[in-house]
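**Q** Residue numbers (our numbering), protein chains in the order written: chain A, 2 to 257; chain B, 591 to 815.
These are computed hints drawn from the structure, not numbers from a lab. Predicted model, so just to flag it, every value in this text is computed and none were measured. Misleading hints may appear alongside valid ones.
Covered stretches of chain A, going by a simulated chain B footprint (3 or more residues, C-beta under 8 Å) [claimed, not checked]:
#1 55-64
#2 70-81
#3 180-191
#4 218-232
Computed list of chain B residues with no C-beta within reach of chain A, every gap over 10 Å [to be verified]:
#5 Trp593
#6 Gly603
#7 Leu650
#8 Pro682
#9 Phe724
#10 Asp731
#11 Val754
Which stretches of chain A does chain B cover? Using the computed rule of at least three CB atoms under 8 Å from a CB of chain B, they are [to be verified]:
#12 128-140
#13 145-156
Beta carbons: idealized from backbone N, C-alpha and C, even for Gly.
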Amino acid sequence: MKLTLKIWRQKGANENGGFKTYTMDHVSPDMSFLEMLDVLNDSLVLKGEEPVHFDHDCREGICGMCSLYINGRPHGPLQTTTCQLHMRSFTDGQTITIEPWRAAAFPVVRDLVVDRSAFDRIQRAGGFISVNTGAAPDANEILVPKKVADEAMDAATCIGCGACVAACKNASAMLFVSAKVSQYALLPQGQPERKERAERMVAQMDAEGFGACTNTGACEAECPKGIKITNIARMNREYFSSMFTNYQVEVGSDAG
Amino acid sequence: MKWFLDLFSSTLGRKLMMALTGLFLILFLAVHLAGNLQLLKDDGGRSFNIYAEFMSTNPLIQIVSKGNFAFILIHVIWAIMLTSKNKSARGPVGYAEASGKSSHWTSRNMGILGTLVLVFIVVHLKDFWAQMHFGAMPTVDYDGTSYRDIYSLVNEWFNVGWYVALYVFCMAAVGFHLYHGFASAFQTLGLNHLKYNGLIQVVGRAFAIIVPLLFAAIPVLMFFN
């Protein structure tokens, strides 16, 4: 396959970037998209040019590290991660535009690499549960209905890649945050921190500068893990009920 | 009190205001349509005039009407606040290429549709509401009681071709705005349930098509009669 690549090149966070065009003459349709970029980078290195920087790690579709906004869609034309996208999804002679995720909360580090630590800070704000240390409890000691477990696990498949933010016209992180809120809100193990979790994660999401949800559903359509926007409705419920009912208990100093 | 401020300054709190005011305005549209349909009654505008007199003088309706204006204002101001936040959330550089394949056109253009609806509301208020409340109105007598003859005013405007065309165009904007807005309000409120999602979608879309269609049919029918 012959391909023309229009790739966003940017030397650093504070530099101005721009598109650079590359042509590739021998691309195998069986290559993954990242392998195609590897081949491009090899040729750039041989020519003494700076290779294109892009994020990747497991290349198995489970780590959430790869990104890339390909021809106007996060992770390209298929609802999958970029590492699981193959060149057979493109046509011979096609021009492919490759951009980084665009969000104020995801600043470009270099070329196609963006800093997604905003997601880590949201996770730290409330995406955890308290567990007892000590011996492992018996399996199935706490009963969870199968369908509830399924819903929680569906939410938990979120790999935090940020495609939802990239796809959203408002660069909203609500699909990510709602998946994290949901997976714990649904399960008994998540109950102790349930109210504080929704409050804190939403507050952190706002502090990071992500946009608001306009229910376009673009995130759901582009999510490589198929996270549903029903999670966003659940997060809204969790957040509103928490804000209206949660209260602080002052522990009296003269108690006892 | 801090929690209250936190709630309503958060993105979700602002969305909550959009959803609640939006749903009230949807209710208002249904009531307004019920009133307007009386324009088609073949009684020289009698029942419409009596209805309009009631709506503009009844104290309870006056309170609801003030609330309605407030809700329109809140819906607009909050929309501007959210839109500016959303615009800045994209960051300094936008996408060179964007595909609309993953979302519906109406959902991505609520701002433009809403602006059209707002322009319509302003024109509409100037021509009818302000005229009824502050303008010099002709009167008619029904059974010895004097009523302001808003029917003649409406009839006059609805015989102007470009005005009818504008009205129909704006009703299309209302329809598209509702097509996304109705179900969207429920989703924002967190009222999303596998058992009722289908119903909300169907009712929302039916409302978005039928109500603006009936609104638009009134001036068209009056124009051709």
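**Q** Look at each hint and say if it fits the structure.
**A** Hints, one by one, checked against the model:
1. Here's how the stretch 55-64 of chain A fares: 0 of its residues keep a CB closer than 8 Å to some CB of chain B, so the rule of at least three is not met and the hint is violated.
2. Coverage of a stretch by a chain is defined here by at least three residues with a beta carbon nearer than 8 Å to that chain's beta carbons; for the stretch 70-81 of chain A and chain B the count is 4, and the condition holds.
3. Counting residues of the stretch 180-191 of chain A whose beta carbon lies closer than 8 Å to any beta carbon of chain B gives 0, which falls below the threshold of three, so the coverage claim is violated.
4. Under the rule that three or more residues need a Cβ within less than 8 Å of chain B, the assignment of the stretch 218-232 of chain A holds, with 6 such residues.
5. Not every CB of chain A lies more than 10 Å from the CB of Trp593 (chain B), the least distance being 6 Å, so the non-interface label is violated.
6. Against chain A, the non-interface label of Gly603 (chain B) is violated: not every CB pair exceeds 10 Å, the least being about 8 Å.
7. The Cβ of Leu650 (chain B) lies farther than 10 Å from every Cβ of chain A, with a closest approach of about 29 Å, so its non-interface assignment holds.
8. Taking the minimum C-beta to C-beta distance to chain A, about 8 Å, the non-interface status of Pro682 (chain B) is violated against the 10 Å cut.
9. Every Cβ of chain A is farther than 10 Å from the Cβ of Phe724 (chain B); the closest lies at roughly 37 Å, confirming the non-interface assignment.
10. Here Asp731 (chain B) stays apart from chain A, with its beta-carbon at least about 51 Å from theirs, past the 10 Å limit.
11. No Cβ of chain A approaches the Cβ of Val754 (chain B) within 10 Å, the least distance being about 32 Å, so the stated non-interface status holds.
12. With 0 residues having a beta carbon nearer than 8 Å to a beta carbon of chain B, the stretch 128-140 of chain A misses the requirement of three or more and the stated coverage is violated.
13. Restraint check on the stretch 145-156 of chain A versus chain B: 0 residues with Cβ-Cβ distances below 8 Å, three needed, restraint violated.
Checked against the numbered hints given earlier, the structure breaks hints 1, 3, 5, 6, 8, 12 and 13 and satisfies all the rest.
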